[in-house]
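Engineer: Now for the letters of each chain:
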Amino acid sequence: MTGAVATHDSGTSFHGKRAIAWAILGYMLASIVLYGFRSWAGKEWGDVSTWESIRQLLGFWEYDKMTLVGAVGGFLGFFNGLIGSHIYKQAGAWRSLFGATIGYAVGAAGTMIVRELFNKSAYSDRPIIVFASVACMLGYLWGVGAFTYWWDYIAGKATPEHEDHSGHGAKSWKSYFTFNTDHKVIGIQYIVTTFAFMIIGGLLAEYMRAELANPGLQYVKDGQAFNALFSVHAIIMIFLFIIPVFAGIANYVVPIMLGAPDMAFPRLNALSFWLLPFGGFLFLASFLIGPFAAGWTNYAPLSSTGGQGVVPLGATLFAVGVQIVGASSILTAINFIVTIIAMRAPGLTMWRMPLLVWANFTTSLLVVFGTPFIAGSQFMVMFDQVMGTKFFTTVAGGDPIMYQHVFWFYSHPAVYIMMLPGFGIISEIISTHARKPIFGYRAIAGSTLAIGLLGFSVWAHHMFTSGMGAGLRVPMMITTMLIAVPTGIKVLGWAATLWNGRIHMTTAMMFALGFMFTFTVGGLTGIMLASIPFDISVSDSYFVVAHIHYVLFGGSVMTILAGIYHWFPKMTGKMYNETLGKWHFWLTFIGLNVTFFPMHWIGTLGMPRRVADYSALVEIHPQVHMWNFIVTLGALMQAVGFAIFFYNMVNSWARGPKAVGNPWRSRTLEWLVSSPPPLFNFYDTPKVVGGPYGFGTDSVHAIVADKPPAHHDHSEGGHA
Amino acid sequence: MNKHIPKLLAYMVVIGFLSSIIFWPPVIKWLPERISQEGKDIDVIMWAMVILSIVILAIVMALVMYSIRHFKAVPGEDIDGPPNHGHMPTEIVWIVIPTIIVVVISIWSGVILANAEETPPAGSSIDIGVDAYQFGWNFDYPKYSIKGAANLVMPIGKTAMFKIKARGGDLEAIESGKPKPDEESDVIHSFWVPEARLKEDAVPGYTTDTQWTPNKITLGVNSDGKKFWHKIDVVCAELCGSGHNAMRTHVCIVSEKAFTAWTKEPTKTCDDLYKELNA
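Protein sequences appear in the order of chains A and B. Under my numbering, the residues of the first sequence are numbered 1 to 720, in order. Under my numbering, the residues of the second sequence are numbered 1001 to 1279, in order.
Take these hints with a grain of salt, some might be off.
Partial selection, computed: residues in chain B whose CB lies under 10 angstroms from chain A [unchecked claim]:
1) Met-1049
2) Glu-1077
3) Ile-1079
4) His-1087
5) Thr-1090
6) Trp-1094
7) Thr-1099
8) Asp-1140
9) Lys-1143
10) Ser-1190
11) Lys-1231
12) Asp-1233
13) Glu-1238
14) Cys-1240
15) Gly-1243
16) Arg-1248
In silico DSSO-like cross-links for lysine-lysine, where the CA-CA straight-line distance does not exceed 27 angstroms [to be verified]:
17) Lys-582/A x Lys-1072/B
18) Lys-390/A x Lys-1163/B
19) Lys-1040/B x Lys-1163/B
Here are a few chain A residues that face chain B, going by a calculated C-beta distance under 7 angstroms [claimed, not checked]:
20) Pro-301
21) Gly-440
22) Ser-466
23) Thr-520
24) Pro-608
25) Thr-685
Rather than coming from a laboratory, the hints here were simulated on the basis of the structure. Note that the Cβ used here is the ideal one computed from N, Cα and C, for glycine as well.
When you get a sec, could you build the whole thing from the sequences and use the hints?
Structural biologist: If you want it as structure tokens, here you go:
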């Protein structure tokens, strides 16, 4: 083993041979340590005898506990060899992997030791999953540098009187892989990460559509494998795409719209982001140990006790993962609420704020009040799985319907969390690209708050057939129907904004116009579903799948894409290709209608949700086969559209033509600075003097300095 | 605005007409054959809401399409539109009218629901117990002391009062106040017959209920003397595990006479009944 003396200086250097040598050594060391521990404990591990465990030690490719721990040791050795001791000092992506591994090992070992001390069998999979994954997360966060400053502060080390801002702003592409406190960097980190997860969620959807194109099972092993596909698909799309991508866009844009140099809590902001890929990793890792398969809704008792079946190990990862992505969401929301209340530039009254800010403010309130409920529901499920509690077992005083109430109390507001920021984006885009003030600004702001508030009163419309107290149904129908009114105010307000405007058919505007159609369809089927008798007939059928995808894809995703195209020049300083943008639009718009419209009648004809095979239905209604096949073709069309989108984004970012500060001649503050904006957004605090939609007049929204003032005072600007 | 109105109405009519095409029966079949009395009102309100939706969609899309066609920016010219920030009377109209519409639909829905759940007059109903389990259905007919029938056989014209249970959650234990030691629980299922238009979940530890009155014979001999069987299934509509997609069983609605005969030989399935028909 060579390389004992290495001549590195600061920065990393790679030593391949040393890495391999250390990997083998680490593997053997870890396995020997574990074997020794096991012998001392004198207990059997599962059904594995001592001889069998020695045999398995040498069986490298067998996925079992001894080999796993050995692999952990090997991994650590590999890093040690690869990067040298600097890995411990340099926070970043490499150290986060290292920290994650150490964390996992410590968590697993700790759990086993504590169990041993309490005279239980040392190895039990679910407790280890819970504690090891949490410890893994802490190690990962340490590795990425999330705790550095806070730890120094707690430990009483000297902290600089003025921030040196070394962790702020993007100096190169590498900055995007660090714990960076700049909201613009974090915004882009969010957007890129969430689109990466969207690709995964989308591939899962394509897999499902490949399976459903024809009756019978062709590409999945059994119903359970299919159940896992839609469960992971949905949780990824909801918590790792739609909710956080809006957080990312808002992260980038909102502070600048407010005239602020950053968010109120930049370090917390970075922590919120870094929690996210870890949560996503947990959900995807479930595929390795038995993926969760009770739907993203995870109803008990299927999720907690499984009935006559076995609850997959991945279900516990799901419960932990939801806490992590939920925490990420809550921390961001707190940040937005404080920033929007406390960091508005002079002159920016609430009634002069752009509608995107109103939307994110309301959304953040929903997140803060609602998310703890889904966390609570998953804690109860996890305790049932891990500790044998009986939250949902009626013989012991539990109640399966209680799960649904707790779960939906968040998950209904969640759909507004997934839509309101999109409404804000549409307001910005329609007014800018039609060059007209928003029609009914106060009505749209007020209706945003109304939807947020009312959104907490409708959850049981997901439970009309659940067997809950009958008296709840009609009140919830009424509140659900009433939400159509503020939503209608917005849709008609946007239509009235377009009316008599000067419409520029940019890609962003096209997505906004497409949204007007697809969201209206989704909203109308929502009103239909609010009617209890009709809902009873189609609940849990493909009609509901059609509705949810019309509002989530035809609603949220269309607004996300519109926002990406609209703010792409601001964020990257480059212009995207309009022709490719239009191709993306048409393929997506036509594709999504071809995919999701037939689902309405497939559902009313009698196809339930969450089924891998519909051959029995084809015997009664043969056309269901043809329509499912057409739906799959629509899904393929969308995939092509997205491929074009990703190519356009990457290529334009790398090689596109430079963008000017205000290519759309919009009025809000982010367009009054360069593309991309300077490090702290403004050379001097802007002064807001009018409303944000002053199109058609000479009115000015804000006065922005175009160069730094003579004496730049460091005590101004948010240093949190 | 006035000069635009005729053209705008034309857009609305065209868009409304085009949207309605997909609802014409020869084009797309939306609903399976209805076999319950209560289903009629449900289908009526569905179509009413469809028509309302087409009207609303036509209004919104007419405004959008018209704007795209007539209010495009002139290439090369980069001016703003007029500084119109809103118009209170218009906004009031589009708050009040949708509120009225949704209140009307709510009331109508509430009436349909109440009618569907009305207790039928004495003697015109039949109690049927639904036993849901992973992954199948059994049916009990307490009046005839039948337990565990594999298919749902129903007599025409009698309101079926379904008492739905998922296995697990021992009711006797709950009612007696003395919990039994932990028993294996089942999971939530959902009792759905699409042709009847009604469904209700089966929840371990609960007895839920639903009711509907079959008004069409699906298995019998028609007036030409030919036998027929319109296949209808009970579908599980709540994800219940690996066998969820296969958790189905047949429903057959037969004449009162045929039903009485069946109650004497309840092990017969709908398949058996069909085979035995002489036609």
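Engineer: Each hint needs a verdict: does it hold in this structure or not?
Structural biologist: Results of checking the hints against the structure:
Annotation: Met-1049/B was flagged as interfacial toward chain A, and the flag holds, the nearest CB pair being 5 angstroms apart, inside 10 angstroms. Proximity of Glu-1077/B to chain A holds as hinted, the smallest CB-CB distance being about 8 angstroms (cut-off 10 angstroms). Among the interface hints, the one on Ile-1079/B holds; its C-beta lies about 6 angstroms from the nearest C-beta in chain A, closer than the 10 angstroms criterion. Interface restraint check for His-1087/B: the shortest CB-CB distance to chain A comes to about 8 angstroms, inside 10 angstroms, so the restraint holds.
Because the closest C-beta pair between Thr-1090/B and chain A is about 7 angstroms apart, less than 10 angstroms, the hint holds. Hint status for Trp-1094/B relative to chain A: holds, with the closest Cβ pair at about 5 angstroms, below 10 angstroms. With a least beta-carbon distance of about 5 angstroms to chain A, the hint placing Thr-1099/B at the interface is held under the 10 angstroms criterion. For Asp-1140/B, the shortest C-beta to C-beta distance to chain A is roughly 18 angstroms, which exceeds 10 angstroms, and the interface hint is violated.
Interface restraint check: Lys-1143/B against chain A, minimum CB-CB distance 24 angstroms, threshold 10 angstroms, status violated. Contact between Ser-1190/B and chain A, as hinted, is supported at the beta carbon level, the nearest pair being about 6 angstroms apart and thus within 10 angstroms. Interface restraint check for Lys-1231/B: the shortest CB-CB distance to chain A comes to about 5 angstroms, inside 10 angstroms, so the restraint holds. Interface hint at Asp-1233/B: satisfied, since its Cβ lies 6 angstroms from the closest Cβ of chain A, which is below the 10 angstroms cut-off.
Satisfaction of the interface hint for Glu-1238/B is found here, the shortest Cβ-Cβ separation to chain A being roughly 6 angstroms, below the 10 angstroms cut-off. Hint status for Cys-1240/B: holds, given a least beta-carbon distance of 6 angstroms to chain A, under 10 angstroms. At a threshold of 10 angstroms, the smallest CB-CB gap from Gly-1243/B to chain A is about 6 angstroms, leaving the interface hint in force. Because the smallest distance between the Cβ of Arg-1248/B and any Cβ of chain A comes to about 5 angstroms, under 10 angstroms, the interface hint for this residue holds.
Between Lys-582/A and Lys-1072/B, the direct Cα distance comes to roughly 17 angstroms. Compliance with the 27 angstroms bound is thereby established for this hinted pair. At most 27 angstroms may separate the alpha-carbon atoms for a hinted pair to count; Lys-390/A and Lys-1163/B meet this at roughly 25 angstroms. In summary, the hint linking Lys-1040/B to Lys-1163/B is supported, as the alpha carbons are separated by about 22 angstroms, within the 27 angstroms threshold. Interface restraint check: Pro-301/A against chain B, minimum CB-CB distance 5 angstroms, threshold 7 angstroms, status holds.
Against a cut-off of 7 angstroms between C-beta atoms, the interface hint on Gly-440/A holds, since the closest Cβ of chain B lies about 4 angstroms away. Taken as an interface hint, Ser-466/A checks out: its beta carbon lies about 5 angstroms from the nearest beta carbon of chain B, inside 7 angstroms. The interface hint given for Thr-520/A holds, since its Cβ lies 5 angstroms from the closest Cβ of chain B, which is under the 7 angstroms cut-off. Because the beta carbon of Pro-608/A sits about 5 angstroms from the nearest beta carbon in chain B, less than 7 angstroms, this interface hint is met.
Interface hint at Thr-685/A: violated, since its Cβ lies 27 angstroms from the closest Cβ of chain B, which is beyond the 7 angstroms cut-off.
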